[in-house]
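Chains as they are written, first to last, in the working numbering: chain Z, 38 to 270; chain G, 569 to 928.
Bear in mind the hints are in silico, worked out from the structure with no lab data behind them. Being a predicted model, the structure only gives us computed values, none of them experimental. Beta carbons: idealized from backbone N, C-alpha and C, even for Gly. One should not assume that every hint holds.
The following label-pair restraints were derived from C-beta to C-beta distances [said to hold, decoys possible]:
(1) G/Arg866 / Z/Arg132: 51 to 59 Å
(2) Z/Ala165 / G/Arg769: 17 to 25 Å
(3) G/Leu926 / Z/Glu141: 37 to 45 Å
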Amino acid sequence: MPAPIRLLRARRPGRPAPGRPPSALAPFTSERLILHRLLATAGLPVPRLYGVIGPAGGHSALSGRPLPDVDAAAAFLEGEVPDAIALRPSEAADRAPARVLRREGDAFTDAAGVRVTPARLALELLRAPAALTMVLEALAAPGDGAPATRDLTSVVAADGRVTVYDGHGRTHSRHHRPRRGGAVPADAEAVALVAAAAPRLMPLRAVRWTVALTPGGPRLLEAGPAGAGGADR
Amino acid sequence: MRLQRALPELAALARCVRGARRAYGVGVVSALRRAREVRRDGAWTYDEALAAGLLDPGCDAATRRALVSYSVLHAAQWRHNPLPLEPLTENKLVCDRLLTASGIPCPELFGTVGRDGGGSARTGAPVSDRAAFARFLAEDVPDEVVIKPVEGLYGLGVRIVRRLPGGRVDAGDGPVDPRTLYDDLVADARFGLFLVQERLRNHPEVAALTGSDTLQTLRLCTFVRRDGSVHILVGLVKLAVGTGPADNYRSGETGNGVADVDLADGRLGPLYVAAPSGAGFAATPVAPGTGRRVEGVRLPLFRESCALARRAAPVFLPMRTVGFDIGLTPSGPVVVEANNYWGPPLTPMPAESRALLLAT
Chain Z
38 MPAPIRLLRA RRPGRPAPGR PPSALAPFTS ERLILHRLLA TAGLPVPRLY
88 GVIGPAGGHS ALSGRPLPDV DAAAAFLEGE VPDAIALRPS EAADRAPARV
138 LRREGDAFTD AAGVRVTPAR LALELLRAPA ALTMVLEALA APGDGAPATR
188 DLTSVVAADG RVTVYDGHGR THSRHHRPRR GGAVPADAEA VALVAAAAPR
238 LMPLRAVRWT VALTPGGPRL LEAGPAGAGG ADR
Chain G
569 MRLQRALPEL AALARCVRGA RRAYGVGVVS ALRRAREVRR DGAWTYDEAL
619 AAGLLDPGCD AATRRALVSY SVLHAAQWRH NPLPLEPLTE NKLVCDRLLT
669 ASGIPCPELF GTVGRDGGGS ARTGAPVSDR AAFARFLAED VPDEVVIKPV
719 EGLYGLGVRI VRRLPGGRVD AGDGPVDPRT LYDDLVADAR FGLFLVQERL
769 RNHPEVAALT GSDTLQTLRL CTFVRRDGSV HILVGLVKLA VGTGPADNYR
819 SGETGNGVAD VDLADGRLGP LYVAAPSGAG FAATPVAPGT GRRVEGVRLP
869 LFRESCALAR RAAPVFLPMR TVGFDIGLTP SGPVVVEANN YWGPPLTPMP
919 AESRALLLAT
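This is chain G alone, in the form it adopts within the complex (with noise of 0.2 Å):
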């Protein structure tokens, strides 16, 4: 047993090190000492802190202390978060209807669809055959509306829909007939219940960052305080330069960046790309390919989204930390999900939110 515990652990530790070596050009001791260092002080996995660039030699101890890994946060997270309650926010379908009945602006809701059921909002009807579908499509929602699965993550199942001239429908893959795409949710074996919903646009000035008309959403950290004041922990904005219907990152894989935001101004910091090596990644003032510059760019709409993601933690309690994906559109902020398991931040955390999040 503790074998076949060590090897898969032996095995990262191996690809850490020779990405490290290739990335940085460093001795194999060298890569090794650092990388059983990160793992013993705080508790990151091979893979992780390699991605998170903490072998690169110019990564001083300082920083390497005051980054957090995947595992401390999720520790974190689960002592200020009841499991049991975990599907307020990562069940999209009660995390829209919590935020709807609460008065928070979130992306209108048309339907549902999938292996597990549907429902039209408008008529109420039941959505749960490959007509009723064809009609829900031409009849109850706009001619363009996006489609992800109720329990998805990472952006993974999303598809944004587009309703074609006699009664096709473009999900991405070129003119289908609805009922082909029916059939496609309801044979996902990924997601067996998907959201069909408003396709929110971007503020023109977000839109500039980068010329994508992806969704590119704030993500705002809060977490309650004793006395049930709100306090933003983190925020960054994550940039869709990669191609995709969704803005996450994903670790990078994606090829979108994220980039800080100041939470005094809204102001941006440089825009983090993940390194083509896979060992950390890039800093550049300006967006990739478009050379559109976002360091130092003010975020609109940034006092709101903070009112916003103010108003909305509560709505959750108990649970006391959540990360909020806002989408800033032309007529203000609006919710796009909330998260229950939201990941570290690239860079450090401010003092007094690590301070805040990590005590016991």
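Pulled out of the complex, with its shape left as it was, chain Z reads as follows (with noise of 0.2 Å):
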């Protein structure tokens, strides 16, 4: 039986699931710029944050200044990001896809061909119904598309071993060994990745990974309890 099951069978009255984060556990997963702090000081990569704009705040993460209006967002913007950046909403509970922007001239230009000055842009972070959004590193891909993805879950044993799941329900060992089935159809690094990134959101033992494999190697992407209420809710 694979072992989010077990765990699931063997939650007691009064216990929360284990796929359910516990209050103390939730700030992991509902923020990624938590999660990205977590996983990026911990060294496990991560797309670069370049930055948070949003109503509730802001800063630089490549200057260290404060980004609280709209001049100074905007500068940012104009002069310290790369040509190709990604923006997310730091809140996990908002699934949109990453917008990803491309410098063309004095502004952005997006997927749709739709051009936004670095001012226009900041205003519209900062009045944005998100709180938070982070200005990201846009992950290359082989030809012009987003790169592709694997949902991989870990979970951690009684006795600290960490075991990762692919979307498949196959197992795969720490050394990505397949253990049931015999193909690996998760990508055998980011394996890998998820079963040394678990043991960084412990206690949370059951969680379910977005991995992007990039050509320069897989990134995490996303992190969610695994089971009922995972990071798919």
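Hints in hand, dock the two standalone chains.
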């Protein structure tokens, strides 16, 4: 029986379901910025964060300056960030895909060809419904599209060992050898990355991860509690 | 609805006036007028104004204006600190991981335990039942640890746990079986998860201030300016002159005291302890009970602590203002906690700090 099922069955009355993050652990995954910081400071590969802008506040991770108003945010977008950026709301419940913008001349252009100046974009983000928007590295992919992603689930066993499951419920050991089924459908590096990242979110034991497969290696994009109430809630 | 809102307000006003009359012997009309004035001008609640000594006829108008109420301070903190990122400081597990990964000295984390789960930092294994907790306390931690809630405040739920011979532990109420302590922790209705961390010791010069072995911390509140530089807004030291395992002041309820710290040289001002009447506080140059001198004493490691706070503040950006509780230990300053909603100081803030913090 797969470990997440065993964990769910072993649930005792009064104890939270393993898939539902208890309140003290909810911030690990409910805010992407907090998750990003926990993973990035642990040296795990995540898309680079250039800064944060929003009505709730902001800062440039490149210069260390706060971005409290439209002038500061516009100067940041104009002069500090590279030519390709991805915008994502910090709140994990907001499932909107990343908005990728590329600099063309003195403005940014999105995938639909809509142009927006840095000042206009700053104003838009400061008035956005999202309290905080993360300004991230736009991940490279072969061709022009977005990189492929893998959904993987990690479970920490009672002895501390990490088991990684792929989207088909097949297991992989830390050393990427499939325990059941012959094929390894997920990228072996992604499995190893998830196995290394899982202890960073302990005592959250069952975590569902989304990993981007880029030419430079796998990057952790998302994490959420696995099982009922998981990342794809 | 209006009556529902007005009744508690009227009750608080009556409490405030009664407290002022008892403490200062002032008339009803004079106390009423003063209470209304501070409510209107500084957004003070009546209970808060009484505890801060604002109903004291000796407290002049300039001092009243210079002090900052909770609601004014919290409005500023909400403006400068994004609400969704509260857990960066208020969740001690998140805070610990950030500080550790950023190379900021903080107490060593041995693990977590509670109704929400748990784990040992040494082995990586979950600590999720009585036997695992007993094994964890026996094998993965030193003889003495601090257990405190991940989402605690005001020192609530903090325990100092000592390992005893024969496999038992003392969590402050005498010897108990570790499994009983586990039952207590998971049954806690207020807090679902606790940190198990290193117990820090006071620097000898700090211990000498009160004679208490409770860790007494320096609170340094920082503000990140627009250019990214860090300004220290205020400094105060919390002295454990009450009883209990923590140094928190909690509006004077704990019996502990606070003393302002001169940011230029780390020299302490008088020690403030809550007045027995609950109205205002008493200033004393010495620690109550021991008679040890506090006022005028220079804190050890003060410059190093300021440097540490300046280094730690950018870790929490885009939060711009954080109150760091810094333990002054024999091996140097250590960030014990970071606070998003640090409380207002008992005395007026320096003008530059006030201007920076309250600017809109």
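Violated hints, by number in ascending order, as checked against the structure
2
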